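K.L.:
Start from the sequences and build out the full structure, keeping to the hints where you can.
Going down the list, the sequences are from chains A and B.
Be aware that the first sequence starts at 1, since it is given in this note's numbering, and climbs by one per residue.
Be aware that the second sequence starts at 1, since it is given in this note's numbering, and climbs by one per residue.
Possibly wrong hints are sitting among the right ones.
[As the list claims (entries may be wrong)] EDC-like mimics (lysine to aspartate or glutamate), calculated; alpha carbons at most 20 Å apart, straight line:
#, chain 1, residue 1, chain 2, residue 2
1, A, Lys249, A, Glu206
2, A, Lys96, B, Glu97
3, A, Lys229, A, Glu326
4, A, Lys249, A, Glu222
5, B, Lys4, A, Glu137
6, A, Lys249, A, Glu326
7, B, Lys4, B, Glu104
8, A, Lys150, A, Asp179
9, A, Lys96, A, Glu52
10, A, Lys229, A, Glu57
11, B, Lys4, A, Glu97
12, B, Lys4, A, Asp179
Since the hints were made in silico from the structure, they are not lab data.
Since this is a predicted model, take the numbers as computed values, not measurements.
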Amino acid sequence: MVAGIRTRDLRKVYTSAPPVAAGTGGFSFGAPKAKGKQPRPEIVALDGISLEILPGEIFCLLGPNGAGKSTTVGVLTTRVRPTSGQAFIGEHDVWKEQVAVKRLIGVVAQRPNLDFSLTAREILAFHGAYFGISSHERAERAEALLDRFKLTDRADQMVRGFSGGMMQRLSIARAMMHDPQVLFLDEPSAGLDPQTRLLLWEIVREYNQSGKTILLTTHNMEEADALCKRLAIIDHGRVIALGTPQELKASVPGGYLLRLRFGLHSPDLLQRLQRLAGVREVRATDGNGADLYADRSGSLVAEVANLASAAGVELCDVHISEPSLENLFLHHTGRSLRE
Amino acid sequence: MNWKAFFAMLARDAHVARRNFVALLFQTFLQPLMFVFIFGRVMVGSGYMPPAYKSLLLPGIMAICMVGTGIWAVAMPLIAEFQFTREIEDRLLAPMEISWLAIEKVVAGTLQALAAGFMVIPAAWLLLRPGVDLNVPHPILFAVVALLVALFSATGGLALGCSMQQTHIGLMFSLIVAPMIFFGCTYYPWSALDKFPVLQKAVLVNPLVYASEGLRATMIPQFPHLPLVAVVIGLVFFNALLLAVGLRNFHGKSVS
Chain A
1 MVAGIRTRDL RKVYTSAPPV AAGTGGFSFG APKAKGKQPR PEIVALDGIS
51 LEILPGEIFC LLGPNGAGKS TTVGVLTTRV RPTSGQAFIG EHDVWKEQVA
101 VKRLIGVVAQ RPNLDFSLTA REILAFHGAY FGISSHERAE RAEALLDRFK
151 LTDRADQMVR GFSGGMMQRL SIARAMMHDP QVLFLDEPSA GLDPQTRLLL
201 WEIVREYNQS GKTILLTTHN MEEADALCKR LAIIDHGRVI ALGTPQELKA
251 SVPGGYLLRL RFGLHSPDLL QRLQRLAGVR EVRATDGNGA DLYADRSGSL
301 VAEVANLASA AGVELCDVHI SEPSLENLFL HHTGRSLRE
Chain B
1 MNWKAFFAML ARDAHVARRN FVALLFQTFL QPLMFVFIFG RVMVGSGYMP
51 PAYKSLLLPG IMAICMVGTG IWAVAMPLIA EFQFTREIED RLLAPMEISW
101 LAIEKVVAGT LQALAAGFMV IPAAWLLLRP GVDLNVPHPI LFAVVALLVA
151 LFSATGGLAL GCSMQQTHIG LMFSLIVAPM IFFGCTYYPW SALDKFPVLQ
201 KAVLVNPLVY ASEGLRATMI PQFPHLPLVA VVIGLVFFNA LLLAVGLRNF
251 HGKSVS
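P.N.:
Structure follows, in structure tokens:
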């Protein structure tokens with residue numbers, strides 16, 4: 001039976017640096033909590049994450065580094081105990097039925113964690129053995145996966161000498177070895193060359209078409225856009241937007257974004273910009289800039305330049321963005337995903 | 001309990017140990033056997049040590065080899081796998097309670113320590129002979145003590161491996177393992193400390209004392225040694241303590 005994923009108001013607060021299980025660091029700092037005489041800084045990694053990922057869906061968590069993506073995956077894969085809230089894989093509560101959950105999931109961690117004492121083929125075979133797969137079947141599955149991930153010619157070599165891309169491919173093959181119902185991919189394409197990334201996308205889609213649920217984290221908008229049926233944008237441990245890529249892109253006022261930078265700050269000019277045809281929203285940004293959300297782009301530039309000139313303000317820079325998830329993130333947070 | 005996963009992990013550890021067999025052999029035996037040769041053969045042969053020292057030395061060397069092997073086999077991979085390479089994550093995600101992974105490590109370490117202990121006896125005996133007066137009147141008692149010593153090495157490895165940072169490996173050997181060996185009645189019997197009463201009492205907190213004295217009591221009972229009851233109680237107590245500490249810290253490292 002295909003399993004989905006559900007979380008209810010997940011919170012995770014660290015009182016010390018997050019250890020290995022939580023993936024990489026970079027969290028928002030909450031107010032320090034006095035405990036005894038020495039106040040210990042609280043690091044809020046998850047701040048009430050509620051998600052419902054349907055069986056057979058490719059779902060993406062999109063957000064910048066430190067947003068809480070890896071911690072969410074850690075909680076769902078029995079590696080990070082939540083401070084409060086619940087997490088389910090299928091009908092199984094992750095923190096009450098860990099063994100049952102571990103049978104259902106396959107996990108590709110953000111950093112390679114291959115068994116360096118083994119060859120590529122042995123890594124797959126022993127992984128299969130941990131899941132009780134018979135020796136004959138493990139050999140067959142390992143062979144097929146090595147072939148699928150283009151690792152056959154290095155199959156009997158120790159993985160210590162593998163390149164980053166090869167390690168990543170082998171990590172994904174290993175996670176698929178026991179044919180899990182739910183596959184977690186934490187930043188799977190980080191460090192992959194474009195060709196390998198396309199191979200990975202193809203394999204992920206194929207695995208999903210066999211009826212499996214996939215949760216993928218990324219800070220790459222193209223990847224989220226290309227692969228996911230639905231996605232959640234998270235920042236500072238909170239879900240700030242949720243929907244299909246099309247819905248989310250359509251939710252940005254106007255769709256297009258013009259990032260403008262002027263020679264000096266002029267509130268009067270910003271008010272005039274707001275009145276231009278097609279402009280939906282104008283927001284002042286740091287320095288002398290403004291973000292202008294509109295339903296058209298290129299044709300606006302001349303009008304903006306004319307208004308600036310009439311107001312005696314120099315237009316220093318214009319950057320036009322097509323409707324994108326990046327625009328959505330900027331609209332919600334005032335920051336770029338790439339920052 | 002998922003025995004399939006448990007035995008698959010044991011098979012993985014056996015496979016890795018087999019692959020590293022020659023390196024392990026040198027790492028385990030070279031230094032103790034050199035010690036046996038110099039102190040048991042050269043020093044005794046040249047008259048600086050009494051001939052009886054040959055017999056006294058052998059159980060102590062066996063204890064060192066077993067404890068060194070067990071600690072090395074369990075602690076070193078754990079330190080690296082939890083911190084640097086994260087290799088252990090795949091096994092933490094296997095469908096088995098994570099405590100059983102820690103216990104699997106202890107079983108693997110115990111088996112390696114037993115193998116090391118039983119391999120060093122003939123090697124040391126060959127280096128020392130003639131003049132080694134081995135006498136095992138109760139083989140079952142000897143086997144029980146050897147098993148407890150091997151378990152101590154592996155539980156010690158678990159506790160150390162889950163408590164140490166990778167940057168502290170050097171400190172672990174110079175601050176914990178080396179003093180444990182020198183004050184562990186390995187190169188001398190506990191009764192040799194009669195003239196140092198404070199030290200004689202103080203070394204009783206060192207579990208290796210019970211290991212060395214236990215092997216002496218069962219291999220060369222004709223020489224003075226701690227009572228076997230004290231040895232068994234000491235080893236059982238330290239094994240339980242180290243296992244409890246090791247399991248608790250293993251959980252702390254596995255789940256954040």
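K.L.:
Keeping to a limit of 20 Å between CA atoms, is the pair of lysine 249 of chain A and glutamate 206 of chain A held or broken?
P.N.:
violated, 26 Å
K.L.:
Would you mind confirming whether the straight-line C-alpha gap from lysine 96 of chain A to glutamate 97 of chain B stays at or under 20 Å?
P.N.:
With a Cα-Cα distance of about 12 Å, the restraint between lysine 96 of chain A and glutamate 97 of chain B holds, given a limit of 20 Å.
K.L.:
Given the hint that lysine 150 of chain A pairs with aspartate 179 of chain A, test it: the Cα-Cα distance must not exceed 20 Å.
P.N.:
holds, 19 Å
K.L.:
Do the alpha carbons of lysine 229 of chain A and glutamate 57 of chain A lie within 20 Å of each other, as the hint requires?
P.N.:
Cα-Cα ~7 Å, so holds.
K.L.:
Does glutamate 326 of chain A sit within 20 Å of lysine 229 of chain A, going by the straight-line distance between their CA atoms?
P.N.:
This hinted pair holds, its Cα atoms lying about 17 Å apart.
K.L.:
Mind checking the alpha carbons of lysine 249 of chain A and glutamate 326 of chain A for me, to see if they're no more than 20 Å apart?
P.N.:
holds, 9 Å
K.L.:
Is it true that the CA of lysine 249 of chain A sits at most 20 Å from the CA of glutamate 222 of chain A?
P.N.:
Within the cut-off at roughly 13 Å; holds.
K.L.:
Is lysine 4 of chain B within 20 Å of glutamate 97 of chain A, Cα to Cα?
P.N.:
holds, 19 Å
K.L.:
Going straight from one Cα to the other, do lysine 96 of chain A and glutamate 52 of chain A come out at no more than 20 Å?
P.N.:
Measuring from Cα to Cα gives roughly 19 Å; hence the hint holds.
K.L.:
Hey, lysine 4 of chain B versus glutamate 104 of chain B, does the alpha-carbon distance stay inside 20 Å?
P.N.:
Answer holds: lysine 4 of chain B to glutamate 104 of chain B is near 12 Å, not above 20 Å.
K.L.:
Does the structure keep lysine 4 of chain B and glutamate 137 of chain A at a Cα separation of 20 Å or less?
P.N.:
holds, 15 Å
K.L.:
Holds or violated: lysine 4 of chain B and aspartate 179 of chain A, Cα atoms, limit 20 Å.
P.N.:
holds, 17 Å
This entry does not satisfy hint 1, going by the numbered hints stated previously; all others are met.
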